[in-house]
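Given chain A's structure and the hints, the job is docking chains B and C onto it.
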Amino acid sequence: MLDVHGLNKTYEGHGRTVEALRDLTFTVGEGELVCLVGPSGCGKTTLLKCIAGLMSPTRGEVSLSGRTVDGPPPGMAVVFQEYGRSLFPWMRVRDNVDLPLRHKKLAKAERRRLVDESLEAVGLADAHDAYPWQLSGGMQQRVAIARAVASQPQVLLMDEPFAAVDAQTRADLEDLVRDLWHRLGVTILFVTHDIDEAVYLGERVLMLSSSPTVVREDLAIDLPDARDQLSTRSSPRFAELRARVYSQIQHAKNPTGAPAAGAPVH
Amino acid sequence: MSATVAEPRAGGVAPPVRRRRAPAARSVALGAAGLLGFALLLEVVPRVGLVDRASLPPTSEILRALVDELGVPAFWTALGETMRAWALGLAIASVAAVLVGLVLGSVAGLRAATASTVEFLRPIPSVALIPLAVLLYGTDIRSTLLLVVYACFWQVLVQVVSGVADVDPVAADTARSYGLGPLARIRYVVWPTALPYVMTGLRLAAAVALVLAITVELITGAPGLGSEIALAQSGGAVALTYALVLVTGLIGVVVNLAFRAVERRALSWHPSVRGEVVT
Amino acid sequence: MRAGDALRRTLLVVALPAVLLTAWWVLSASSTNIYAPPLSQIVEQFRLVWLEGGRFTADVLPSLGRLAAGYALAVALGVGLGVALGSSRTARQVFEPLLELFRAVPAPVLIPVLILLTGIGTTQKVLVIASGCIWPVLLNTVEGVRATDGVLSDTCRSYGITGSARLRHLVLRSASPQIVTGMRQALSIAVILMVISEMFASDNGIGYAVLDFQRSFAIPEMWSGILLLGVLGVLLSLLFRVFEGRVLGWYAGLRRAQRDG
Numbered sequence: 017m018l019d020v021h022g023l024n025k026t027y028e029g030h031g032r033t034v035e036a037l038r039d040l041t042f043t044v045g046e047g048e049l050v051c052l053v054g055p056s057g058c059g060k061t062t063l064l065k066c067i068a069g070l071m072s073p074t075r076g077e078v079s080l081s082g083r084t085v086d087g088p089p090p091g092m093a094v095v096f097q098e099y100g101r102s103l104f105p106w107m108r109v110r111d112n113v114d115l116p117l118r119h120k121k122l123a124k125a126e127r128r129r130l131v132d133e134s135l136e137a138v139g140l141a142d143a144h145d146a147y148p149w150q151l152s153g154g155m156q157q158r159v160a161i162a163r164a165v166a167s168q169p170q171v172l173l174m175d176e177p178f179a180a181v182d183a184q185t186r187a188d189l190e191d192l193v194r195d196l197w198h199r200l201g202v203t204i205l206f207v208t209h210d211i212d213e214a215v216y217l218g219e220r221v222l223m224l225s226s227s228p229t230v231v232r233e234d235l236a237i238d239l240p241d242a243r244d245q246l247s248t249r250s251s252p253r254f255a256e257l258r259a260r261v262y263s264q265i266q267h268a269k270n271p272t273g274a275p276a277a278g279a280p281v282h
Numbered sequence: 287m288s289a290t291v292a293e294p295r296a297g298g299v300a301p302p303v304r305r306r307r308a309p310a311a312r313s314v315a316l317g318a319a320g321l322l323g324f325a326l327l328l329e330v331v332p333r334v335g336l337v338d339r340a341s342l343p344p345t346s347e348i349l350r351a352l353v354d355e356l357g358v359p360a361f362w363t364a365l366g367e368t369m370r371a372w373a374l375g376l377a378i379a380s381v382a383a384v385l386v387g388l389v390l391g392s393v394a395g396l397r398a399a400t401a402s403t404v405e406f407l408r409p410i411p412s413v414a415l416i417p418l419a420v421l422l423y424g425t426d427i428r429s430t431l432l433l434v435v436y437a438c439f440w441q442v443l444v445q446v447v448s449g450v451a452d453v454d455p456v457a458a459d460t461a462r463s464y465g466l467g468p469l470a471r472i473r474y475v476v477w478p479t480a481l482p483y484v485m486t487g488l489r490l491a492a493a494v495a496l497v498l499a500i501t502v503e504l505i506t507g508a509p510g511l512g513s514e515i516a517l518a519q520s521g522g523a524v525a526l527t528y529a530l531v532l533v534t535g536l537i538g539v540v541v542n543l544a545f546r547a548v549e550r551r552a553l554s555w556h557p558s559v560r561g562e563v564v565t
Numbered sequence: 715m716r717a718g719d720a721l722r723r724t725l726l727v728v729a730l731p732a733v734l735l736t737a738w739w740v741l742s743a744s745s746t747n748i749y750a751p752p753l754s755q756i757v758e759q760f761r762l763v764w765l766e767g768g769r770f771t772a773d774v775l776p777s778l779g780r781l782a783a784g785y786a787l788a789v790a791l792g793v794g795l796g797v798a799l800g801s802s803r804t805a806r807q808v809f810e811p812l813l814e815l816f817r818a819v820p821a822p823v824l825i826p827v828l829i830l831l832t833g834i835g836t837t838q839k840v841l842v843i844a845s846g847c848i849w850p851v852l853l854n855t856v857e858g859v860r861a862t863d864g865v866l867s868d869t870c871r872s873y874g875i876t877g878s879a880r881l882r883h884l885v886l887r888s889a890s891p892q893i894v895t896g897m898r899q900a901l902s903i904a905v906i907l908m909v910i911s912e913m914f915a916s917d918n919g920i921g922y923a924v925l926d927f928q929r930s931f932a933i934p935e936m937w938s939g940i941l942l943l944g945v946l947g948v949l950l951s952l953l954f955r956v957f958e959g960r961v962l963g964w965y966a967g968l969r970r971a972q973r974d975g
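Protein chains in written order, with our numbering: chain A, 17 to 282; chain B, 287 to 565; chain C, 715 to 975.
So that you can see chain A by itself, here it is in the shape it has in the complex (with noise of 0.2 Å):
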């Protein structure tokens, strides 16, 4: 479904070249729910933008579906961590909600069915009229959640997106990917810096080294398939898994240790 191949961006600026992205490469397979983790700055952002279309890379393809992703492709829904301000203030929720839906053209009954739809998935189903300053912050995140599900995206990609929310919330809005997931049957490419989230959520685990950063492990998570925080978390497999992430991590930061392109391991 997504290929992403030899992936580089560098910046030019003032006498100074900056590698941030030196050489991605992976795949993520139809339905699959894949994380990717990496150290503080080592452009898991730019990563994500340049796979949205956001940007472009300076060397290497991204294509979806087999198509070469130049500029935001119809088929990519994309969730920020900044909910606050990927949600337009202006209008309500359903019209938030409604909004990219208009663009692709559906009858008005086929968008108020999705609109309906994807509240009620999230658990929102009773916010169609407030606007999202109205709302607690997980909600909003909700709502932008619900606004990427209603366009019926093949790929969905998250940036980091409960890296602003209370722990408590976060924990809910995380089982609530993967409900939606499974319903679903959506892609999933889940960016975060959260070492114990990506292992909880994921199938697979990439993690990325420092800038300038390249893949460094492909890390298969072999938990069951239903999870919940409480017994899974505290599972031995789980820790097990979460330590190599985070050894993995802990050596990524270092910045002399030779990072591996990506080899599966188990």
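Selected chain C positions facing chain B (in silico; Cβ < 7 Å):
1) Val727
2) Tyr749
3) Gln807
4) Pro811
5) Pro826
6) Ile906
Just so you know, the hints here were simulated from the structure itself, not pulled from any lab data. Cβ atoms here follow ideal geometry from the backbone N, Cα and C, with glycine treated the same way.
Just chains B and C now, with coordinates in the frame of chain A:
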């Protein structure tokens, strides 16, 4: 519409190269190009005949008329009159507004009681008073002053009141608990908070004062640049009319730049940048 | 307590104006100063001249018509140019010094110029009004457009909202608080210029009438004209506030939410 792609927010070792502000030289060059382009346009259009040359002379003629005029003593007298009315009116209005504003803002309840009156009087166009001014003072400088003081007073007052209202209540309480009397409180707590607002008010009032002074002169014939322009136009000196209009524009720009510079200096210590109060 | 609160608030609003008006009425009642006629006389003249006399159709309506035309022109041009300039840094750099110079010329000073270019008549007056009140709209629009949020912009791009849809849903809406501020300032300026344009080379209009009264020493009538302008200013200001409430209801709510944390 080109959307600037947002560079990634720096976090740790993220690429520090952000889109730097274009060097000042480029800005100046582009701006100069804009001005020159317009001057050229103004030169060509009348010559080519798109607009009647008698109503819009080319730039070169206007500039020549300007240079000629600079050698005429009457011009400098008129300029002096305008600037005198401007300076005097601005000073009177500002002092009055600051005093009234400090009182209004500091005495609790007074602000609320006077709010409706202020809101009613503010939108009254100052020019409505022009006939009154003429009645009272004829074509004397005092008619100009009346208008200038009236308009600038409101401009500065609104800003001062907002400035006083912005005083941090914690700071005010601290001052009071240290036994500072009202005058001392004004000096150490209220004034520094209000100062940015006052400076903004002064800058805006300076522009208003200039506009009003010239307008009153234009309409009533009181001595100054405004009446010179009216004379030039009615006397058929077309190029001179445009030249004088250009002069008023230049003065306005200079006044604005001067006040911005003063504002920057006076507030160089101020941590925050106070925007203009939304009136 | 609620009734008491409302009463107190009404009192605050009404008290001082009522006191001032009463004082004016009483103090001027026995006035023999020709420049300051009794308030009762002014009010009487107000009724006679503006409400019952033919001046309403002969002067007030044309004035208001020109005001509306000049204001509408200024808003349309100001927003249009403002969006163009706000979206392009290069355009801003090229035009900024030129615009600063234009802006510094007081609009009334353009009256002689516009007379040269367009003669005396409605066009000239409408242009005078527009050329003065375009500036707050233009400058505020530029500021508002410049401040369009980056995340919101990215969101639009990623959902394929571009071009005129982006302009309508993102740029204009996001800049609307600033634009409305500019429009409010422009309205005051428009009223002033409407009056001035009629004081210079005109044969009808409120400004013309007031100046005419002054020249013929019809003092109470002159004052009634001033009163009319004051009332007009206040009415327009109130009307604008209603407009602002409708258009920026969301903004008031947003600011309140941000303030309360």
